[in-house]
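Asks: The listed protein sequences correspond, in order, to chains A and B.
For the first sequence, our numbering begins at 1 and goes up steadily by one.
For the second sequence, our numbering begins at 1 and goes up steadily by one.
For the record, the hints were derived by calculation from the structure and aren't laboratory data.
Just to be clear, a hint being listed does not mean it is correct.
Below, simulated SDA-like cross-link-like pairs (lysine to any residue); rule was C-alpha separation at most 25 Å, straight line [to be verified]:
id: 1; chain 1: A; residue 1: K238; chain 2: B; residue 2: T4
id: 2; chain 1: A; residue 1: K238; chain 2: B; residue 2: V18
id: 3; chain 1: B; residue 1: K33; chain 2: B; residue 2: R51
In this text, all values refer to a predicted model and were calculated from it rather than measured experimentally.
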Amino acid sequence: MENGDTKPRRAGGRLCCLCNNRRAALKRPKTLEQICRECFYEVFEEEIHQVIVDNQLFKPGERIGIGASGGKDSTVLAYVLSELNRRHNYGLDLFLLSVDEGITGYRDDSLETVKRNEVQYGLPLKIVSYKDLYGWTMDEIVKMIGLKNNCTFCGVFRRQALDRGAALLKVDKLVTGHNADDIAETVLLNILRGDVARYELLLEIEQMYCNYNRRRRANSEMQTFQNLNLICTYAYFKRLDYFSTECIYSPNAYRGFAREFIKDLERMRPRAILDIIKSGEDFRIATTTKMPEQGNCARCGYISSQKWCKACVLLEGLNRGLPKIGIGRSRGIDNDHQKEMKRSNGSKNIESKQCGTLDF
Amino acid sequence: MKLTIEFGGGLELLCDSVKIHKVNVELKNGEKKLTMKDLLAWVGSNLIKERPEMFMKGDSVRPGVLVLVNDCDWELSGQLDTTLEDEDVVVFISTLHGG
Numbered sequence: 001m002e003n004g005d006t007k008p009r010r011a012g013g014r015l016c017c018l019c020n021n022r023r024a025a026l027k028r029p030k031t032l033e034q035i036c037r038e039c040f041y042e043v044f045e046e047e048i049h050q051v052i053v054d055n056q057l058f059k060p061g062e063r064i065g066i067g068a069s070g071g072k073d074s075t076v077l078a079y080v081l082s083e084l085n086r087r088h089n090y091g092l093d094l095f096l097l098s099v100d101e102g103i104t105g106y107r108d109d110s111l112e113t114v115k116r117n118e119v120q121y122g123l124p125l126k127i128v129s130y131k132d133l134y135g136w137t138m139d140e141i142v143k144m145i146g147l148k149n150n151c152t153f154c155g156v157f158r159r160q161a162l163d164r165g166a167a168l169l170k171v172d173k174l175v176t177g178h179n180a181d182d183i184a185e186t187v188l189l190n191i192l193r194g195d196v197a198r199y200e201l202l203l204e205i206e207q208m209y210c211n212y213n214r215r216r217r218a219n220s221e222m223q224t225f226q227n228l229n230l231i232c233t234y235a236y237f238k239r240l241d242y243f244s245t246e247c248i249y250s251p252n253a254y255r256g257f258a259r260e261f262i263k264d265l266e267r268m269r270p271r272a273i274l275d276i277i278k279s280g281e282d283f284r285i286a287t288t289t290k291m292p293e294q295g296n297c298a299r300c301g302y303i304s305s306q307k308w309c310k311a312c313v314l315l316e317g318l319n320r321g322l323p324k325i326g327i328g329r330s331r332g333i334d335n336d337h338q339k340e341m342k343r344s345n346g347s348k349n350i351e352s353k354q355c356g357t358l359d360f
Numbered sequence: 001m002k003l004t005i006e007f008g009g010g011l012e013l014l015c016d017s018v019k020i021h022k023v024n025v026e027l028k029n030g031e032k033k034l035t036m037k038d039l040l041a042w043v044g045s046n047l048i049k050e051r052p053e054m055f056m057k058g059d060s061v062r063p064g065v066l067v068l069v070n071d072c073d074w075e076l077s078g079q080l081d082t083t084l085e086d087e088d089v090v091v092f093i094s095t096l097h098g099g
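So that you can see chain A by itself, here it is in the shape it has in the complex:
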């Protein structure tokens, strides 16, 4: 957090529109105001504070887990939340929670970052690993299934690993940091895939707010709603220590296209990203569309809309040497399960997929 070599310089360097005192350092995408570094910190942090206060996310004395990957989003979240906790006397006990997927050359390095964050922010750290929870590391999974669909395994397992870690830490709530760009990307991808009426979109959109009720444990998700640029700029100005290598197993091709598209839009119109999220929020699923019911997994008890949760289906496939189970849309764990899925989810094949109509 140094003051850098900002020279008092050159004509045309405008003053900050908020304090009218210091030289502007960046433009807010939301308002296009030009603001200085100090006002940027203030606006950025207070915006998050406002989300917390308006949604009454926390109560004094609560134990809060922060999902920490070592990347920019979670590092900024951990830093800002511990700052705000101090500044506004939230009275929270904060913990860092990391998931070790078992990816050599990627996660082992990023966990080193989280371990440094533990010291830098003085927050206790808990690491849960896929190996301990599921008996498999991602390295082993990729060795078995190759580089197709591996992200499905990782995503499903991580979601559940975070919840299990939260239970081990006995935290009341879990917060995860997502940037606006990722959310906007997800909104676009879900629409492009025709998934608008499906549970995933709803879930993802709901996750952006505090999702108290849906999960078995009180487990809130906090949406920071900050543009990616701002998060990176914040992390750079504050000299935060984060890890920025792309996962070695994630080709992420289709996501890459959506990302480039969004970035091009942003260049033409800085508000575009926030506007896409707004559109995503405004989607309403017609009430005639049958939505899956929320129950519990018959095997592990985790929340699930099916007989078995996705993680158990995938794990069963791995352990039986049939890793394709649970990947496609029409494959179940066995015939019974398939029937069960048909019954509970309307149908799984495209022809008879219920998409419903959309109200705006």
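Add chain B to chain A, keeping to what the hints say.
Replies: Relative to chain A, chain B alone:
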């Protein structure tokens, strides 16, 4: 012209994992000033060792790369037309990575 060029957010991987480069950029014959456009071309051919498409798109940076000139977003100073001065610090940060 003496400049400090810094890469972050993974862009340093494109130039032998060196984050901070103290460089001396020669002005082209007859030119009196150096713009960001000139500097990008110079960086592209002198510092970036691999996968230049991760850094450049057309004659500008790839969307998703943040550019700060003396800790100020280059959008405020005219992007490619920003004029550089001796001892300026130019930072490139990729925002396109996991996290």
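Asks: Which hints, by number, does the structure contradict?
Replies: 3
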